[in-house]
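S.K.: The primary structure of each chain is shown beneath.
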Amino acid sequence: MGVATETQITHARRLWLYVYCGLVMFFLIAPSLIVIPMSFSDAAYLEFPPREWSLRWYENYFGSIEWRDATVVSLKVAVMTCLVATPIGTAAAYGLHVAGFRIAPTIQTVLLMPLMVPIILIGIGVFYLYARLGLNYSITGLVLAHTVLAIPFVVITVGSGLKTYDMNQERVARSLGASRLRAFLTITLPQIRFSVIAGSLFAFITSLDEVIVALFVSGGENATLTRRMFNALRDQIDPTIAAISTCLIIVSVLMLVAVQVFGRGRNA
Amino acid sequence: MSAIVEARASIPRENARGLEADARRERISMFSLCTPSLLVVALIVFLPVGWLFWLSFFDPAGQPTLENYARMFDSRAYIKTFTMTFKVSFMVTGVCVLIGYPLAYLISQLPARAAGVCMVFVILPFWTSLLVRTYAWLVLLQRKGIINGWLIDLGIIDEPLRLVHNFTGTVIGMIHILLPFLVLPLYAAMKSIDRDYLKAASNLGASPVRAFWQIFFPLSLPGLFAGVVLVFVLCLGFYVTPALLGGGKVHMWAMRIESSVNLYANWGAASALGVVLLVVTLVLLWGLNRLFGLDRVYSGR
Chain A
0 MGVATETQIT
10 HARRLWLYVY
20 CGLVMFFLIA
30 PSLIVIPMSF
40 SDAAYLEFPP
50 REWSLRWYEN
60 YFGSIEWRDA
70 TVVSLKVAVM
80 TCLVATPIGT
90 AAAYGLHVAG
100 FRIAPTIQTV
110 LLMPLMVPII
120 LIGIGVFYLY
130 ARLGLNYSIT
140 GLVLAHTVLA
150 IPFVVITVGS
160 GLKTYDMNQE
170 RVARSLGASR
180 LRAFLTITLP
190 QIRFSVIAGS
200 LFAFITSLDE
210 VIVALFVSGG
220 ENATLTRRMF
230 NALRDQIDPT
240 IAAISTCLII
250 VSVLMLVAVQ
260 VFGRGRNA
Chain B
0 MSAIVEARAS
10 IPRENARGLE
20 ADARRERISM
30 FSLCTPSLLV
40 VALIVFLPVG
50 WLFWLSFFDP
60 AGQPTLENYA
70 RMFDSRAYIK
80 TFTMTFKVSF
90 MVTGVCVLIG
100 YPLAYLISQL
110 PARAAGVCMV
120 FVILPFWTSL
130 LVRTYAWLVL
140 LQRKGIINGW
150 LIDLGIIDEP
160 LRLVHNFTGT
170 VIGMIHILLP
180 FLVLPLYAAM
190 KSIDRDYLKA
200 ASNLGASPVR
210 AFWQIFFPLS
220 LPGLFAGVVL
230 VFVLCLGFYV
240 TPALLGGGKV
250 HMWAMRIESS
260 VNLYANWGAA
270 SALGVVLLVV
280 TLVLLWGLNR
290 LFGLDRVYSG
300 R
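Residue numbers (numbering that gives the first Met the number 0), protein chains in the order written: chain A, 0 to 267; chain B, 0 to 300.
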């Protein structure tokens, strides 16, 4: 039994499968990993492995007012998106979970729409709408659009957290005289907090990494980091972007670790 | 809720009426919790998309016309765009299946710890910015990039290959970005397959290969279908990667929408293209949802 797998094939006989999958995993992870050492290269064009090490591309990044401004805009928008999308998404997930009304599945579908509608269509639609509302190139407009893109992730994550929560606990609190809001805040929320945190991290990263809507509706002094990166990449391969990319990868890894830590034991 | 229903049987009618009113009030207050989200989604998605739908029936001069839709059938440039889009989409989806299925299969059989480690390889790229990964491929595939360097060092080629700013680069980049969308639902489906079926098959004398094809593979099909539809749909509307890795040679649907707006300011044309893209996407996703449930597909991210 020791050498055979569940499928009655020995490990040795399906060595090819392990090698093949190893290559696929290498393909998945290598591009992100290779950018990191290259960002510390001293050369003006990107080489791997770098011959000389330096921090010049990081100095370039943090020293440039344009890149710094864009980073600040992106972070600001991401934090605000997270602060707006998390409460309203959580409220919607709670409402959908508790109510069980007939149109709940329809509402759920409507709230998941931003995931299904091609993002390019949302991009030009929002651009057209904002032109009438005077919201193009504004932080408010960007936050609003990113909130909509983030809502599905919050609704799904919090919804799956609520599924494993026993709602009777909240009923007990209410029968003992707690108001609905108080029962939610003191009994339910602490128990689904990991899903809520995971949902808010999804919202943050969705906004931070979003490109297409930002291409259309951000600009001027409120251009996001992704917009500037996209435009820079169209012209040439600037090694500064390797430094920025490394920073973004680190943020992604931190977020992923946070979600894993908070969501341990559940598939959030 | 069920407690209310049970209680209802044994109480006088006026109490029942009171409870009914309570239940209604409860439904309304729960619905009102959804309204902020519904309102912003309506404002940012439904209103503009509806507006674009309306615009798609007008020409740039503001006259009503069906020209924007007719053009999709007779304009050579449009037909070229569609052909390219579907060519890229089929290619990317096909390769994703070929490399994603074995990976999902292996991970689904590993012990929990090892599977967790392998899933990091799938989920980490998923969490990494699309732009960062596209940039990484730009660097890797360029003329003096690592891949060409390796191939020359290994003596496989003498001259650097043109790997980027063309079809090849676009497809490689898109496969890399979309592969997790195939592996995650597929893995979830495979994980839920009862292993006892396979044991029963081998008990009954099936060879491992036969057990795989007759038992495991058919049971994994819903997950595979979910992944395929998801990847295909995302391909159809993909913008960033073809725009950066295609070097202007790979003109896809979303890029035609963008250029109709930014280059030609032809909102009618852009809207019509967007509406058709939306319809195709929603029809495919609707089929998927009937089979699998969309929230389960996305719960990986």
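Treat the hints as calculated values from the structure; they're not laboratory data.
Treat the hints loosely; a few may be bogus.
Distance condition first, Cα-Cα at most 35 Å in a straight line; then the derived DSBU-like pairs of lysine-lysine [as the list claims (entries may be wrong)]:
1) A:K162 x B:K248
2) B:K198 x B:K86
3) B:K143 x B:K79
4) B:K79 x B:K198
5) A:K162 x B:K198
6) B:K190 x B:K86
It should be emphasised that the depicted structure is a prediction, and the values quoted were computed from it without experimental measurement.
S.K.: Which of the listed hints are not met by the structure?
M.R.: 1, 2 and 4
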